[in-house]
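Protein sequences appear in the order of chains A and B. Position in the first sequence counted from 1, then plus 8, gives you our numbering. Position in the second sequence counted from 1, then plus 1, gives you our numbering.
By construction, these hints were calculated from the structure, which means they are not laboratory data. A couple of the hints might just be wrong.
[As the list claims (entries may be wrong)] Going by beta-carbon spacing under 10 Å, a handful of chain A positions derived as facing chain B:
no.	residue
1	D772
2	E781
3	V792
The beta carbon of each residue, even a glycine, is placed where N, CA and C say it ideally should be.
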Amino acid sequence: MSIEFAIIILPILVAALVPIFHRYLSKNVIGWVVLFIPLCLFIILTTYIPRISNGETFSNTYEWIPSLNINITTYIDGLSLIFSLLITGIGTLVVFYSIFYLSKKESLHHFYCYLLLFMGAMLGVVFSDNLMVLYAFWELTSVSSFLLIAFWHHRKGSRAGARKSMIITVSGGIAMLAGFLMLYAMSGTMSIRELISNVQLISEHSLFIPALLLILLGAFTKSAQFPFYIWLPDAMEAPTPVSAYLHSATMVKAGIYLVARFTPLFGGEMTWFWVITGVGLFTLFWGSFNAVRQTDLKALLAFSTVSQLGLIMSLLGIGSVAFYFGYADESLIYTQATFAALFHLINHSTFKGALFMMVGIVDHEVGTRDIRRLGGLMSFMPVTFTIALIGSFSMAGLPPFNGFLSKEMFFTAALSISTLDIFSLDSLGVLIPVVAWIASVFTFIYCLIIVLRTFTGKVKPDIKERDLHEAPFGMLISPLILVGLVILIFFFPNILGRYILKPAMTSVYPNFSADEMTPNIVAWHGFIPELWMTIGVIIFGIVLYKTLKYWKRVYNLIPQRLTLNSIYEGFFAKSEDISGNLTNRYMNGNLTNYFVYIYAFFVLIVAGYFISSDAFVWNPLSGSKVDHYELILVFVVMFASVALLFAKKRVTTVLINGVIGYSVAFFFVTFRAPDLALTQLVVESVTTALFLICFKFLPEIKPETSTKVWKISKSAISILVGATVTIVGLAVVNYDKFPTIATYFEDAYELAGGKNIVNTILGDFRAFDTMLEVVVLFIAGLGVYALIKLKANKGGTDVEKSE
Amino acid sequence: MRKVNDVILRTVVKGVVLIILTLGVYLFFSGHNAPGGGFIGGLVLGSAIVLLYITYDIETIQRKMPFDFKKVAALGVLLATGTAIGSLYFNVPFLSQTDGYFNIPILGEKHLTTVTIFEAGVALTVIGTLVTIILSISEDD
Numbered sequence: 009m010s011i012e013f014a015i016i017i018l019p020i021l022v023a024a025l026v027p028i029f030h031r032y033l034s035k036n037v038i039g040w041v042v043l044f045i046p047l048c049l050f051i052i053l054t055t056y057i058p059r060i061s062n063g064e065t066f067s068n069t070y071e072w073i074p075s076l077n078i079n080i081t082t083y084i085d086g087l088s089l090i091f092s093l094l095i096t097g098i099g100t101l102v103v104f105y106s107i108f109y110l111s112k113k114e115s116l117h118h119f120y121c122y123l124l125l126f127m128g129a130m131l132g133v134v135f136s137d138n139l140m141v142l143y144a145f146w147e148l149t150s151v152s153s154f155l156l157i158a159f160w161h162h163r164k165g166s167r168a169g170a171r172k173s174m175i176i177t178v179s180g181g182i183a184m185l186a187g188f189l190m191l192y193a194m195s196g197t198m199s200i201r202e203l204i205s206n207v208q209l210i211s212e213h214s215l216f217i218p219a220l221l222l223i224l225l226g227a228f229t230k231s232a233q234f235p236f237y238i239w240l241p242d243a244m245e246a247p248t249p250v251s252a253y254l255h256s257a258t259m260v261k262a263g264i265y266l267v268a269r270f271t272p273l274f275g276g277e278m279t280w281f282w283v284i285t286g287v288g289l290f291t292l293f294w295g296s297f298n299a300v301r302q303t304d305l306k307a308l309l310a311f312s313t314v315s316q317l318g319l320i321m322s323l324l325g326i327g328s329v330a331f332y333f334g335y336a337d338e339s340l341i342y343t344q345a346t347f348a349a350l351f352h353l354i355n356h357s358t359f360k361g362a363l364f365m366m367v368g369i370v371d372h373e374v375g376t377r378d379i380r381r382l383g384g385l386m387s388f389m390p391v392t393f394t395i396a397l398i399g400s401f402s403m404a405g406l407p408p409f410n411g412f413l414s415k416e417m418f419f420t421a422a423l424s425i426s427t428l429d430i431f432s433l434d435s436l437g438v439l440i441p442v443v444a445w446i447a448s449v450f451t452f453i454y455c456l457i458i459v460l461r462t463f464t465g466k467v468k469p470d471i472k473e474r475d476l477h478e479a480p481f482g483m484l485i486s487p488l489i490l491v492g493l494v495i496l497i498f499f500f501p502n503i504l505g506r507y508i509l510k511p512a513m514t515s516v517y518p519n520f521s522a523d524e525m526t527p528n529i530v531a532w533h534g535f536i537p538e539l540w541m542t543i544g545v546i547i548f549g550i551v552l553y554k555t556l557k558y559w560k561r562v563y564n565l566i567p568q569r570l571t572l573n574s575i576y577e578g579f580f581a582k583s584e585d586i587s588g589n590l591t592n593r594y595m596n597g598n599l600t601n602y603f604v605y606i607y608a609f610f611v612l613i614v615a616g617y618f619i620s621s622d623a624f625v626w627n628p629l630s631g632s633k634v635d636h637y638e639l640i641l642v643f644v645v646m647f648a649s650v651a652l653l654f655a656k657k658r659v660t661t662v663l664i665n666g667v668i669g670y671s672v673a674f675f676f677v678t679f680r681a682p683d684l685a686l687t688q689l690v691v692e693s694v695t696t697a698l699f700l701i702c703f704k705f706l707p708e709i710k711p712e713t714s715t716k717v718w719k720i721s722k723s724a725i726s727i728l729v730g731a732t733v734t735i736v737g738l739a740v741v742n743y744d745k746f747p748t749i750a751t752y753f754e755d756a757y758e759l760a761g762g763k764n765i766v767n768t769i770l771g772d773f774r775a776f777d778t779m780l781e782v783v784v785l786f787i788a789g790l791g792v793y794a795l796i797k798l799k800a801n802k803g804g805t806d807v808e809k810s811e
Numbered sequence: 002m003r004k005v006n007d008v009i010l011r012t013v014v015k016g017v018v019l020i021i022l023t024l025g026v027y028l029f030f031s032g033h034n035a036p037g038g039g040f041i042g043g044l045v046l047g048s049a050i051v052l053l054y055i056t057y058d059i060e061t062i063q064r065k066m067p068f069d070f071k072k073v074a075a076l077g078v079l080l081a082t083g084t085a086i087g088s089l090y091f092n093v094p095f096l097s098q099t100d101g102y103f104n105i106p107i108l109g110e111k112h113l114t115t116v117t118i119f120e121a122g123v124a125l126t127v128i129g130t131l132v133t134i135i136l137s138i139s140e141d142d
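Bound conformation, chain A alone:
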């Protein structure tokens, strides 16, 4: 097994083991054991840095379903390395932080199980080269995020937030799947690398633009872009380590990853550029604008994450322009936008992770995250204050923190794109730097709010009574490491640039020279427009912060019922109503009706197919001889079937039904199918027993009281069903629309090592069916168990206990 494959499997494997073995581990130890996993993976991944920065890539293929082109291909290049380092690095810090953050009374084994599951899934997303495998891991991240948001599932808000994030990200995921299938239809390959090398082949195809838009839908829902961002603020119901990990540093960046990964494929396309840049810029503005009005520190950070993701997204959009020009000197400047995007991606993970952990500390020690109730914590929590200060000022784009460097690069990119004259940029292009600048002003304002409202001013009376003190040292280590990185990256950005970002640039721009695309990052460029923009941001930011209470009314301009959240809720309430009404109309609890639906469709489809395709060929002479004992069995079945109609008691019906079942088993015996006969016999016995058990709950059979028309139509359907089955039975003998599969059975021993062909079908040729049937059977069993055992108590209507 290759190391890359093991890196994905290890967290998932441990996630499966933690819930099984947690009872042998003390609650104090479990976190430390789990911590070992991301730490190991991080160290292993760092050993890749020198080799990847030399331009090597690593690829391994495991055949999964080769007949459908689905193989587990792991692929590590510069781009996936950045993400995997973030996933494992931040993961290590978050697990370490959560050891101190979470109370020992929580069900820690669930928490760490979900967290590791997420880690494995996320590593799977960034390491997969195969579209289908990527999609599978992509949805697995949504599922684990759902579980983590609902970790405190006794809270109503947690459940609602989890559901919302699931619905939005999974819908986007399904759109993305459709896009992937279109790519497959165009190119015939599932491998991303092969797709990229066949750009010319697919870029002319009519499905190119639909595939592009659908894939972007997946990326935008995952990365919380406008208008899909609404799930992210609600996801803040999750424990803070989860918010720091999934909802700021890693999962929400999966969309960024997807866009960066597909840039070589779609880059240079006008739609790609405008959709990404436009949505990204608007999200940047909208997120920062809304962050200012938030009163919950975590909600504020959520909106700030939305806004920062928009920033990175718009940079990737600008960077894709380079493909329009191809490899040339004038296009190099646009690749710098992508460089800035990747740089800011890392920076954002460091400062935002630190800020989330800081909010967690405040929440943990003070008991509230509401900025209206906070204030003056600076003197009690000096270390936390320092973390908040560095994190926020880096986010605001101030020196000497890493956010300053990437923010300047963002302004450079915005200014350079505004002077282009392709894609009708000559008229709209000037808007890009303006929006970027306005959004940065709002960013500056909310950064001030985080630091000043929480840590300066007077201590509010209700929290003064608490014994305020600094957080335990263990909780401070993780954010301190992150803010340490914030400062380190500012002073040594080029080490990061050379070893981490340069190989990633090669993944995004395979045809460009990596050395030319890697700038020498410096903090001081002289008095250039970017610097004046930053100074303008600071001045306007301070002025607007001071006058906040005068212009705050702006936020009430949008009526409540027009907000995205109420549209979302209205849509779901309405669709639930409509589908509820529709379903109640035909699902009325009457089993006879259900049979009518099922059989009507059966006749329609099966008989319809046989008639339309003219497949009914019956040659009475070609049949084999009918023996007299077979005739006896036929009469037994016929007699029992007719007798069934006149049965007055349920026991009688079941027994007569058993007669039919056993007779069919005899048919199997006479036709020399002992496997089927055995199965039929046992199934018949078990179902009869099951029926008898169920009887004490059922009322007596009532005489039928339906109208004549209804009775006639029911008899008509019954007769048609009988006729259809008879036709099918007679026609299969001569049916030749499919190639015969008899060769499989004749060679069963060579192909599957078994002489019993029934079993070789079940266990080898169609083993995939059997495997899934086993799973379905199990789920059905659990379903019956849950339906019967988990009923609401007498008088209660809601099974779930809410707060």
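Guided by the hints, dock chain B onto chain A, whose structure is given.
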């Protein structure tokens, strides 16, 4: 519950269950080359257990057989999917099966297959699900 004089039933079941169980195990192992297999073997074993529950009361049998049949079913699913995924470890496609002849002391040369593990998963799922469904319906009141 109504007391019925079922001495005959109980006596017969004691012997019959043993035969059914033996038959189930036989069917399970003979599956690959003769009639039988995981599904039918599991069904027969499951119905033997159901027969015990019907003849005696649930509490007695649960004392003698303290299994959680939901877990038995889950173990079966795990085995079936596990053998499927396990083939990836040997760098062959998902769900590949293999077989071979091995010389085992005392038993002599035997034909061993990985399908047997897969079929064991099927059998355990069938037993577990069958008993879970029948128990939960009959325990409901």
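Right, here's what the structure says about each hint:
1. D772: Status holds, d = 5 Å.
2. E781: holds (8 Å)
3. V792: This interface hint holds because 5 Å falls under the 10 Å limit.
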